[in-house]
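Colleague: Here is how the chains run, residue by residue.
Number of protein chains: 2
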Amino acid sequence: MPTMPEFNLSEAIAILSRTPTTLDALLRGQPDIWTRRNEGRSNQDKDTWNAFDIVGHLIAGERTDWMPRVRIILEHGEAQAFDPFDRLAQQKESQNKSLEQRLDEFARLRNENLVALEALNLQPEDLTRRGMHPALGVVTLSELLATWAVHDLTHLHQLSRVMAHQYRDAVGPWRVYLGVLKCAGHSA
Amino acid sequence: MPTMPEFNLSEAIAILSRTPTTLDALLRGQPDIWTRRNEGRSNQDKDTWNAFDIVGHLIAGERTDWMPRVRIILEHGEAQAFDPFDRLAQQKESQNKSLEQRLDEFARLRNENLVALEALNLQPEDLTRRGMHPALGVVTLSELLATWAVHDLTHLHQLSRVMAHQYRDAVGPWRVYLGVLKCAGHSA
Numbered sequence: 001m002p003t004m005p006e007f008n009l010s011e012a013i014a015i016l017s018r019t020p021t022t023l024d025a026l027l028r029g030q031p032d033i034w035t036r037r038n039e040g041r042s043n044q045d046k047d048t049w050n051a052f053d054i055v056g057h058l059i060a061g062e063r064t065d066w067m068p069r070v071r072i073i074l075e076h077g078e079a080q081a082f083d084p085f086d087r088l089a090q091q092k093e094s095q096n097k098s099l100e101q102r103l104d105e106f107a108r109l110r111n112e113n114l115v116a117l118e119a120l121n122l123q124p125e126d127l128t129r130r131g132m133h134p135a136l137g138v139v140t141l142s143e144l145l146a147t148w149a150v151h152d153l154t155h156l157h158q159l160s161r162v163m164a165h166q167y168r169d170a171v172g173p174w175r176v177y178l179g180v181l182k183c184a185g186h187s188a
Numbered sequence: 001m002p003t004m005p006e007f008n009l010s011e012a013i014a015i016l017s018r019t020p021t022t023l024d025a026l027l028r029g030q031p032d033i034w035t036r037r038n039e040g041r042s043n044q045d046k047d048t049w050n051a052f053d054i055v056g057h058l059i060a061g062e063r064t065d066w067m068p069r070v071r072i073i074l075e076h077g078e079a080q081a082f083d084p085f086d087r088l089a090q091q092k093e094s095q096n097k098s099l100e101q102r103l104d105e106f107a108r109l110r111n112e113n114l115v116a117l118e119a120l121n122l123q124p125e126d127l128t129r130r131g132m133h134p135a136l137g138v139v140t141l142s143e144l145l146a147t148w149a150v151h152d153l154t155h156l157h158q159l160s161r162v163m164a165h166q167y168r169d170a171v172g173p174w175r176v177y178l179g180v181l182k183c184a185g186h187s188a
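In order, the protein sequences belong to chains A and B. Residue numbering for the first sequence follows this note's numbering, starting at 1 and increasing by one per position. Residue numbering for the second sequence follows this note's numbering, starting at 1 and increasing by one per position.
Pulled out of the complex, with its shape left as it was, chain A reads as follows (with noise of 0.2 angstroms):
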């Protein structure tokens, strides 16, 4: 059996379940500077993306991704390929819904896809089941698991720079001090 470096289903959870009301507390009434403006444009001359775009990302994550790629490595194992995620899907969403309806249609999702993966009842051995992902190969269920959780956190990384990026000139000499301010992102 393949080790498996430190995953705990429970404690994947832990993150998994705090992400709505973690996001929420962030950013439920904030004033437009800091859920609407992005950074600007990325050097590959694209939108970059605010606090909007970001929840309306984890909401498509919650509809088209985890759950069915955990259902495909259960069904299917190795034999079907997951569909390729769209990053960009959050676009596709209802530009006229609010924030804080966005906010609530997260929350929701992701409180019915913890029921159904809890109803599953995986068992130590499931974890270690194979998938295939279309681009990485040979992956694990607790690897999908982990990154769910982990996904969570890229993006609150995320938004804390989008948002502090906003006051970059503001803070004026304490620049230099704030890590957030030198970080320029990570995307691939």
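For each label pair, taking beta carbons as the anchor points, the in silico distance ranges come out as: (1) A:Leu136 <-> B:Ala135: 43 to 53 angstroms; (2) A:Glu6 <-> B:Glu112: 32 to 42 angstroms; (3) B:His76 <-> A:Pro173: 14 to 24 angstroms; (4) B:Leu120 <-> A:Leu114: 37 to 47 angstroms; (5) A:Arg168 <-> B:Val176: 22 to 32 angstroms; (6) B:Leu88 <-> A:Gly77: 42 to 52 angstroms; (7) B:Asp126 <-> A:Val115: 43 to 53 angstroms; (8) A:Asp169 <-> B:Lys182: 22 to 32 angstroms.
Partial list, computed: chain A residues near chain B (C-beta under 7 angstroms): (9) Glu11; (10) Ala14; (11) Thr22; (12) Gln30; (13) His157; (14) Ser160; (15) Met163; (16) Ala164; (17) Tyr167; (18) Pro173; (19) Cys183; (20) His186.
I should point out that these hints are in silico values taken from the structure, not numbers from a laboratory. In this text, a Cβ means the ideal position worked out from N, Cα and C, and glycines have one as well.
Take the given structure of chain A and dock chain B to it, following the hints.
Modeller: Showing chain B alone in chain A's frame:
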């Protein structure tokens, strides 16, 4: 009058008032893997911080840094330099308290400080008042207040990175897609 790029007091307070609930949502009740582990030793051979340390550092800032500096600017202007900020003050905080007690303490102190800040009834012209930073030289009140807010965000950025680091191996090949795992920190 010097321009104040983008600074708005109510927008800064919108960040400052949400940080305690954000950290509470993210951290309260978490298993130790997410709160008591750090990123190991940095290349300066110092211990890096875990969530418990970070909340302790924020508590120290509320006690000795932000509002005391606001008052020094208002009472003494550039004539009295700020006391240097002790970045390791959290090591003097009680190590016997739980993370939950630290979260409660941070929330209480932040609330008291925001009540005190609002009681100052700062006017736009006050925001251009100048003070003396012991290392950075002349700074303005608006820069201090903007830095207080971005300092919250830089530690949220750090916290998401420290937590994600614990699953650096568990995510397997997905590592290449997760920006937060490429972040080595941005300490000066």
